[in-house]
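Colleague: These are the residues of each chain, in order.
There are 2 protein chains.
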Amino acid sequence: MTEFRLDPRLENDSVPLVDFGLCSVRLMKDGNYPWLVMIPRKNDVTEIIDLAPIEQIVLMEEIGQVSKVLKSITACQKLNVAALGNMVPQLHVHVIARFESDAAWPGPVWGAVPARAYEAQSLEDLVEGLQIALLG
Amino acid sequence: MTEFRLDPRLENDSVPLVDFGLCSVRLMKDGNYPWLVMIPRKNDVTEIIDLAPIEQIVLMEEIGQVSKVLKSITACQKLNVAALGNMVPQLHVHVIARFESDAAWPGPVWGAVPARAYEAQSLEDLVEGLQIALLG
Numbered sequence: 007m008t009e010f011r012l013d014p015r016l017e018n019d020s021v022p023l024v025d026f027g028l029c030s031v032r033l034m035k036d037g038n039y040p041w042l043v044m045i046p047r048k049n050d051v052t053e054i055i056d057l058a059p060i061e062q063i064v065l066m067e068e069i070g071q072v073s074k075v076l077k078s079i080t081a082c083q084k085l086n087v088a089a090l091g092n093m094v095p096q097l098h099v100h101v102i103a104r105f106e107s108d109a110a111w112p113g114p115v116w117g118a119v120p121a122r123a124y125e126a127q128s129l130e131d132l133v134e135g136l137q138i139a140l141l142g
Numbered sequence: 007m008t009e010f011r012l013d014p015r016l017e018n019d020s021v022p023l024v025d026f027g028l029c030s031v032r033l034m035k036d037g038n039y040p041w042l043v044m045i046p047r048k049n050d051v052t053e054i055i056d057l058a059p060i061e062q063i064v065l066m067e068e069i070g071q072v073s074k075v076l077k078s079i080t081a082c083q084k085l086n087v088a089a090l091g092n093m094v095p096q097l098h099v100h101v102i103a104r105f106e107s108d109a110a111w112p113g114p115v116w117g118a119v120p121a122r123a124y125e126a127q128s129l130e131d132l133v134e135g136l137q138i139a140l141l142g
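Residue numbers (the numbering used here), protein chains in the order written: chain Z, 7 to 142; chain H, 7 to 142.
Bound conformation, chain Z alone (with noise of 0.2 Å):
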């Protein structure tokens, strides 16, 4: 079996949560909305139509636990759930909770505002409540 490769730019811009059945759940390096990255563990897939249909089933029962967590945990007024894949061709599953107050309301995150860096403490304090619940 070949060894699931992270593309470098997702590794960089992220810090591991958990590993699901089928996704390693992330979060995004940028502290202006709480935003997670769900990867699915197969190498050379770009489309969510490239899984199988078993594992397309399963990418959205995993992306639903996710959604459920992060809105669970932010208290957030929407998720943003997307799968766009123009820059980085790997397949992965943006989840994002979003606030009229944040940086880039109404519009989407990307290319809105530079990525904030997180104070190491309130990462490190995220990051765990984040494990504990998507673990539970």
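Fair warning: there could be bad hints in the mix.
Stated by the list, open to error - Calculated pairs, DSSO-like style, for lysine-lysine (alpha carbon to alpha carbon, straight line, at most 27 Å): (1) Z:Lys48 to H:Lys74; (2) H:Lys77 to Z:Lys48; (3) H:Lys35 to H:Lys48.
Said to hold, decoys possible - Computed list of chain H residues with no C-beta within reach of chain Z, every gap over 10 Å: (4) Ala121; (5) Ala126; (6) Asp131; (7) Gly142.
Claimed, not checked - Which residues of chain H face chain Z? A few of them, derived with a C-beta cut under 7 Å, are: (8) Glu53; (9) Ile55; (10) Gln62; (11) Met66; (12) Gly70; (13) Ser73; (14) Lys74; (15) Leu85; (16) Asn86; (17) Ala88; (18) Leu90; (19) Asn92; (20) Met93; (21) Gly113; (22) Trp116; (23) Gly117.
If you are wondering where the hints come from, they were derived from the structure by calculation, not from laboratory data. Small disclaimer: the values here were computed from a predicted structure and weren't measured. Cβ atoms here follow ideal geometry from the backbone N, Cα and C, with glycine treated the same way.
Fit chain H to the known structure of chain Z by using the hints.
Modeller: Positioned in the frame of chain Z, the structure of chain H alone reads:
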């Protein structure tokens, strides 16, 4: 049973193509991109996780059907699939055919450039081609 009410902005910005079991599939009136939008015919639903689990699976299956047709008809370089809803809260999923030559590439389409009206004949042809393929 309460009749489904389509959000007036979605209705105004798009034309109907076909109704699947869960979603109405529509074409956005924006000639910049072949841009479909899928609206589950359920009132008072804003997030994917507001749907019942089985409906979430049906949604994923229908997204797959629409994605395959759109990719096949347009020979696009990338699909963008997204449920955002920051402006129109009624749950709707965008499925957009993207090209490196399009008006927003590699950024997201929302808010990038003003919508460009289709010519009447090309809109008619595209609608007919999509309807045949989606119903096939």
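Colleague: Against each hint, give a clear statement of whether it holds in the structure.
Modeller: Here is how each hint holds up against the structure:
1. Between lysine 48 of chain Z and lysine 74 of chain H the alpha-carbon distance is near 20 Å, which keeps this suggested pair within the 27 Å criterion.
2. For the hint linking lysine 77 of chain H to lysine 48 of chain Z, the alpha-carbon distance of about 21 Å falls within 27 Å, and the restraint holds.
3. This hinted pair checks out: lysine 35 of chain H and lysine 48 of chain H have alpha carbons roughly 23 Å apart, not beyond 27 Å.
4. The beta carbon of alanine 121 of chain H sits about 16 Å from the closest Cβ of chain Z, which is more than 10 Å, so the claim that it is off the interface holds.
5. With a minimum CB-CB distance of about 30 Å to chain Z, alanine 126 of chain H clears the 10 Å threshold, and the non-interface call stands.
6. Annotated as non-interface, aspartate 131 of chain H keeps its C-beta farther than 10 Å from every C-beta of chain Z; the closest such distance is 25 Å.
7. Residue placement check: glycine 142 of chain H keeps its beta carbon more than 10 Å from all beta carbons of chain Z (closest about 16 Å).
8. At its closest, the beta carbon of glutamate 53 of chain H sits 5 Å from a beta carbon of chain Z; the interface hint therefore holds under the 7 Å criterion.
9. Interface restraint check: isoleucine 55 of chain H against chain Z, minimum CB-CB distance 5 Å, threshold 7 Å, status holds.
10. The interface hint given for glutamine 62 of chain H is met, as the beta carbon of that residue sits about 5 Å from the closest beta carbon of chain Z, less than 7 Å.
11. Taken as an interface hint, methionine 66 of chain H checks out: its beta carbon lies about 4 Å from the nearest beta carbon of chain Z, inside 7 Å.
12. At a threshold of 7 Å, the smallest CB-CB gap from glycine 70 of chain H to chain Z is about 5 Å, leaving the interface hint in force.
13. Given the 7 Å rule on beta carbons, the hint for serine 73 of chain H holds: about 5 Å separates it from the nearest Cβ of chain Z.
14. Taking 7 Å as the C-beta contact cut-off toward chain Z, the hint placing lysine 74 of chain H at the interface holds, the least distance being around 6 Å.
15. Against a cut-off of 7 Å between C-beta atoms, the interface hint on leucine 85 of chain H holds, since the closest Cβ of chain Z lies about 5 Å away.
16. For asparagine 86 of chain H, the interface hint holds, the least distance from its beta-carbon to any beta-carbon of chain Z being 5 Å, beneath 7 Å.
17. Hint status for alanine 88 of chain H: holds, given a least beta-carbon distance of 4 Å to chain Z, under 7 Å.
18. Below 7 Å, beta-carbon pairs count as interface contacts, and leucine 90 of chain H has one with chain Z at about 5 Å; its hint therefore holds.
19. For asparagine 92 of chain H, the interface hint holds, the least distance from its beta-carbon to any beta-carbon of chain Z being 4 Å, beneath 7 Å.
20. Below 7 Å, beta-carbon pairs count as interface contacts, and methionine 93 of chain H has one with chain Z at about 5 Å; its hint therefore holds.
21. At about 5 Å, the closest approach between the beta carbon of glycine 113 of chain H and any beta carbon in chain Z falls short of 7 Å, and the interface hint on this residue holds.
22. For tryptophan 116 of chain H, the shortest C-beta to C-beta distance to chain Z is roughly 5 Å, which falls under 7 Å, so the interface hint holds.
23. At about 5 Å, the closest approach between the beta carbon of glycine 117 of chain H and any beta carbon in chain Z falls short of 7 Å, and the interface hint on this residue holds.
Consistency with the previously given hints is maintained throughout, with no hint failing.
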